[in-house]
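Kindly generate the complete structure, drawing on both the sequences and the hints.
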Amino acid sequence: MNELEKEIELYLDGSMSSEQRLVFEEKMSKNPQLQKDVVTYTEMYTIYNENDWNLQNTTKNQQITDYESFLMSEQGNAVAKSIKNAEEMYFETQSSSKTRQWLVYIGSIAAIFIIGFFIATRLNTGIDHNALYADYKNWENLPSLTVRDTNTILAEGEQLFREQQYEEALALFTKFNANDTTKLNTQVLIYMGVTQLELSAYNDALQTFEELKNTNTLDAPKANWFIALTYLKMNSTQKAKDVLKIITNDSNNYNYKKAKSLLRALE
Amino acid sequence: MCISALGYINGIYVTPKSKLFYSSSVLFSKMTQKEHDDYLLQSLISGNDAGILEIYKVIYPKVKRYVIRHDGTEDDAKDVLQKALLQLATRAQTKTFEINSSFEGYLFTTCKNVWRREVKISKNRVTNDTVIDLVHEEREIALAAFEQDQWELFQEKLQELSENCRKILEFFFNKIPYVQIAKTLGYATENTVRQRIFKCKGKLKESIQADARYNELKEL
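Those protein sequence lines, which keep their order, are chains A and B. Quick note: the first sequence uses the numbering used here, first residue 1, plus one each step. Quick note: the second sequence uses the numbering used here, first residue 1001, plus one each step.
All clues stand as given, with none of them false.
Calculated pairs, DSBU-like style, for lysine-lysine (alpha carbon to alpha carbon, straight line, at most 35 Å):
1) B/1203 to A/6
2) B/1199 to A/36
3) B/1199 to B/1175
4) A/245 to A/257
5) A/222 to B/1167
6) A/84 to A/60
No wet-lab data here; the hints were simulated from the structure. None of these values were measured; they are calculated from a predicted model.
This is how it looks when you write it as structure tokens:
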């Protein structure tokens, strides 16, 4: 049995010679369970790969037939029509507000200049940590927690985080983390720390990022960047600079360029 | 002179964004999240234009951002959302159907899968010499719905494994090299990783095959 499983692996890896393949396929034709296993494994290799999708090539299945007959039915057509209507309405309101958007756009450019001027003049007198923090935090670029995981707590937590309901989000992340005994989900640690940072719970945030730093994971080196941001928000310029200097020591470090420009802004 | 950290951020950065975010759901502010989710799903099932418009407001910007970030266009994004909604309505109609996460999260996952499907189909068109039959739209949606059922079953089965197995398999199926898996998860050698994967993979296969729904999906 175990031997067969190993053969399946070689077969699916494509590491069998053409001769071995023929022998294996012959075996398969005589063994329905082996055949079934190869099918299931093939599906697993496709379905669990985030960049792939398992296309169905049969239509001879009752479920598919049921779906299709619903879509062909009067009710199915009505739903399809409603979706098209809603889409039209949505994009109509979008385009009617285009002129307004244009004005907002122009307005934003002006605002950027004004804020830029504001920051520039403030920089001469002292550093505005809050503005720098806001400029550099970029939370919208944090990778989504729901890509890899169908865990509903995380999906909910991320949603709350994006809505800036930090207290509620933190409760969920903390809950998840408490149940996650292996502590391998470092993405959650990042979200948790950032949420604590947004809530100005600096000690908690620093502790979480330290924890991230001590994990033996690919995300661990990111911790320094978040620690630097924490010190920045705390107005601890010297400590922020110290951490940023560590990041700028090696151009392979996470956010090397950002660290460099932030360091320059602080000096 | 010193402005409080929170105040400053509230004044300049937070407020405009959250206003934008909530503008669509002001009307529903008295509903709980669950009631709002039910309202959205019911609107979709019953073909209520106003409710579906509400869904568009919440989800379309996210779908657009996602599709564009994954090499699609704005038209692709429109197409993806339309297909995902129709697929979801179909699946919700024809059998006992329940969403265990938020409606928005669920719909977004469906959209991501629809886009992965589109990418795969267009890849197949490029690499295969054989002419792929053009299928009419209803069949296309029916197939996608069926594939989504299968995808969800497989995800559920993966979640049922131990955390340890699940993690290592996620890396494996996404083609992360053994060396890196060993380093990240703290295994001594590549060989231990290989053995662990072999075992977990077998376990997962068995649990999939033992599920009655899997065999139903296979029935002709």
